[in-house]
Every structure is written in C-alpha cells, then in structure tokens.
Amino acid sequence: MAKKVRERMVSYATYGVVLCLVLKSIFSLRTYVMLSRSFDADEGTMNGLKLNLVPITEVASDVSPLDLFLRHAKEPVIVKGALHGQPLMRADNVVEYVAQVCRDSYIDTVVYSKEVSSWAGHTDEKLMRIKDYYASYVKNSSNEELRYATSATFGMPFMCPALQHDMLVPGLASKPLPTGGAFRNYAQPTIFMGPAWSRSELHIDMMLMPFWLGVYAGTKRFRVIAFEDNLEHFGVDRGGFGSGRILSPSGKALEIFDPDVQEFPELQDVRIYEGEVKAGDVIYVPSGALHGILNTEATFAATSNSLWPPLTSHYAEVCTKSHFARRCKRMLKDTYLGACEVDGLNPFDDSTIEEFTKCALHSKANIELGQARSYVDKKGFRDIFLWELFRFTSYEDFCLAVCSKYLELDYTKSKQGPEQEAVCKRQCKVLGSRNGKPST
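If you're matching positions, the sequence shown starts at 1 in the UniProt record's numbering and goes up one per residue.
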C-alpha cells in the first residue's frame, strides 16, 4: 500500500513538473506571438491600420564615413559586418564572455512596462552585479521577467574599462567632433545586454544626438521615425521632444511594436523605418530620430552618442526646428567651442541655420579637432581603442584617470559607488600591462 502511495506521489510530482514546463512554453509562445504579430513587413498592418513600413538601408562595411553621413544624414543605415574584425566577435559566447570580464561590476537593470510613460518605457530600476544579472536573466532563459541591463549609472569606461581590449570603437565613428566640448565622455559608450524579447520602446536620445550602435551578439529589431516625419505629423508639442517619448492626449505613450491606432491615427502617414541589426553589424541613427528596439534574441551591444563633421548641418537644423529641445542648444555651442553664435538661430528662418553651419564648418573644432579633411581624403579611419578616442597615451593612463574622475560626477553617486571604484581600479592593475593590446 505504501509503495503504491509513493508511486502515486511520484506520478503527481512528475505531472506537476511537466505542467509547469508546458505553462512556461505557452507563456513563451504567447510572448512571441504578441511581440511578433506586428512584424509582418509584407502586410504592414496593425489592428487594421496600414503601417507605412520602410526597410532600413543596408550598406557594406567598406562604406566611407563621408558617404555614410552625407548621403544618409537623415535616415537610419545598417552597416553590415562592420564589427567582424573586432576581438570580441571571436568569443564562443559573447554575452558569457562579457559577464566573465566584467563580473563584479555593477550595471543598471530595468523592465519594460506599457503602463509607464518614462524614457523607453523602462521601470523598476535595480543595480546588479553583471555576473548575477547574467546568471539570473540571460543564462536562465526560463526566467519570465524580461529584465534588461544597461550601463546608465556607471558608463562602460568606469564600469568595465578592460572590456575595451575586445570591444573597440568602430572605424566609421573614430573621428568625432569634440562633442559637448570634449573628447572624453566618461558616461559612454553605453552597453546593453538582455534576454530575447527585452526592449526599449520608442524614444528620442538626450540632446537629440545621433548615435552608432554595434551588435556583438544576437539580433536587434529597430523601428525608427525620422525627425522630419515626427515634426510634420506630431509636431513640436507632441513629438516627444520634451519627455523623449510621444504621448497621446490621454497621456498614453506610443508603443511602436504594438501601437494603439485609436490613440495615434497619425501612424498611417508616418514612415516607419524597420530593420534587423545582427551580430557584427553597426547601425547609424540620425539626429532627433525616434527609435524603438526589440531584442529578438539574447543580445549584447554597445552604443555612443557623438557628432561627426559631416552631420553639422543636419544637427543644427534638428536642434533649431525642435525649438532647442532637450538642451541641444548647449550641445551646439559647446561642440564648436563657443566659436559660433547660437542665440541667433531661429526655427522660422533657415538662413540663420545656414549661417551657423557655415561658421561651424570653418571652426577649429571641425577643421583641426574634428579632422574634417580626413573625411574628404577618406583616410585614417580604423577601429580604435577607447583610450585612443579619449586621447590618452596608454590604457593604464586612461584607466587610472577614469577610475579617479568618475565619482566626481553627480549622477554617479550611489551606495555602490565605492565598490565600483574598487572594481575599476582592479581592472587597471590586472590588465593595464597589456597597454591597449587586444586580447586573443
């Protein structure tokens, strides 16, 4: 009798395990169906509304930065295979490798909620050690909470300086202007890692800045609305230039991967650029563009907001016609080292934008510091280390300076700050002898 009871209990336990697995499978399938239902580019429909989906232009990795930034200044472009020569691309498991290199570093983690109108729809922020985040939310694919990681509090230079030995700045982005008045932005690059179906909903970046984003593992699906379309159809008041997101009259935020067509009927007239950025690719997203990103696979990526000489005219136009949203006027002034008058810029007078652009293109910031001539000559562009971009003489000098400097910035203050500083300095001591040589 006892034997039969034990057998029945084992049977029930087995049934329970199977039932849990089935329910998790159903959840995953429902998630996949919900998130992929608007991805049929052939139909391009959502709840009966015809979406105007436009494929993102793809170019080969040998495209010159001048051609990229001049010819495609106002639209997103995917540069295929631009990262294939980088050491990190040789890792058997990129995300696991990053978790090993940066294991004790702290990274911000968030979850997406359609109920909030915060930047990118992110909420429930938690700082976690990368090794713990990777184990709980990426390696453990059965975890139903889609928690996404981003180095927002501690930018990659301070969070994990050693990562630059494997993850270089792509050549197309290697000759920026002194963005914001300096070449040293200790908050960037920003890294993103997360499980499949984690995402950042539609938003505009700080100071309306353009950016590059390189994908080292997985696939990211982008949907982008160019500044010009946003301005025409949603306008300055509703275009997300204040909060970074588009809100309906009722206060609901636009979800570009699952849009509410009753709240946002303008979508049928707006061009929505759509494309997949795969491992090894880099995407350029222009100034002031709204963009949403969905990770269709577990992914790791790095990104940085910068200005490059050929984009001077477009950024000046975007900033001015947005009525100087998101503090972009200060960015314009500082990038060109105060050499060009910004107070005379007028959203209703294009000649003021032309005058500013003429001044900026002839400025020291553009000609000397921005190496404008190299764009015309198409010479000197290569993948570079972060310490080179920041204009240090070696990795050691870079690392020690960053670890000492970063905590002086107000937005790095947190109870984990001293621990992160110690992690940063350990990476300088252990890996500094490489002097910027790529790992193998």
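Hints are computed from structural coordinates only; laboratory data are not their basis. Fair warning: this is a prediction, and the values are worked out from it, not measured in the lab. Heads up, a few of these hints could be off.
[As the list claims (entries may be wrong)] Cut-off 30 Å, straight-line C-alpha distance, at most; resulting in silico cross-link-like pairs (DSSO-like, lysine-lysine):
{"no.": "1", "residue 1": "K333", "residue 2": "K358"}
{"no.": "2", "residue 1": "K139", "residue 2": "K126"}
{"no.": "3", "residue 1": "K405", "residue 2": "K429"}
{"no.": "4", "residue 1": "K405", "residue 2": "K379"}
{"no.": "5", "residue 1": "K126", "residue 2": "K333"}
{"no.": "6", "residue 1": "K321", "residue 2": "K139"}
{"no.": "7", "residue 1": "K50", "residue 2": "K358"}
{"no.": "8", "residue 1": "K278", "residue 2": "K405"}
{"no.": "9", "residue 1": "K131", "residue 2": "K114"}
{"no.": "10", "residue 1": "K74", "residue 2": "K114"}
{"no.": "11", "residue 1": "K425", "residue 2": "K131"}
{"no.": "12", "residue 1": "K405", "residue 2": "K126"}
[What the hints assert, rightly or not] Computed Cβ-Cβ distance ranges for the label pairs, DEER-style:
{"no.": "13", "residue 1": "K50", "residue 2": "A422", "range": "26 to 34 Å"}
{"no.": "14", "residue 1": "E58", "residue 2": "R426", "range": "18 to 26 Å"}
{"no.": "15", "residue 1": "R426", "residue 2": "N93", "range": "18 to 26 Å"}
In this text, a Cβ means the ideal position worked out from N, Cα and C, and glycines have one as well.
Now the hints, each set against the structure:
{"no.": "1", "hint": "K333 / K358", "verdict": "holds (14 Å)"}
{"no.": "2", "hint": "K139 / K126", "verdict": "holds (18 Å)"}
{"no.": "3", "hint": "K405 / K429", "verdict": "holds (17 Å)"}
{"no.": "4", "hint": "K405 / K379", "verdict": "violated (33 Å)"}
{"no.": "5", "hint": "K126 / K333", "verdict": "violated (35 Å)"}
{"no.": "6", "hint": "K321 / K139", "verdict": "violated (45 Å)"}
{"no.": "7", "hint": "K50 / K358", "verdict": "violated (42 Å)"}
{"no.": "8", "hint": "K278 / K405", "verdict": "violated (35 Å)"}
{"no.": "9", "hint": "K131 / K114", "verdict": "holds (28 Å)"}
{"no.": "10", "hint": "K74 / K114", "verdict": "holds (29 Å)"}
{"no.": "11", "hint": "K425 / K131", "verdict": "holds (18 Å)"}
{"no.": "12", "hint": "K405 / K126", "verdict": "holds (24 Å)"}
{"no.": "13", "hint": "K50 / A422: 26 to 34 Å", "verdict": "violated (55 Å)"}
{"no.": "14", "hint": "E58 / R426: 18 to 26 Å", "verdict": "violated (41 Å)"}
{"no.": "15", "hint": "R426 / N93: 18 to 26 Å", "verdict": "holds (23 Å)"}
Figure legend: structure checked against the earlier numbered hints; hints not met, in rising order: 4, 5, 6, 7, 8, 13, 14.
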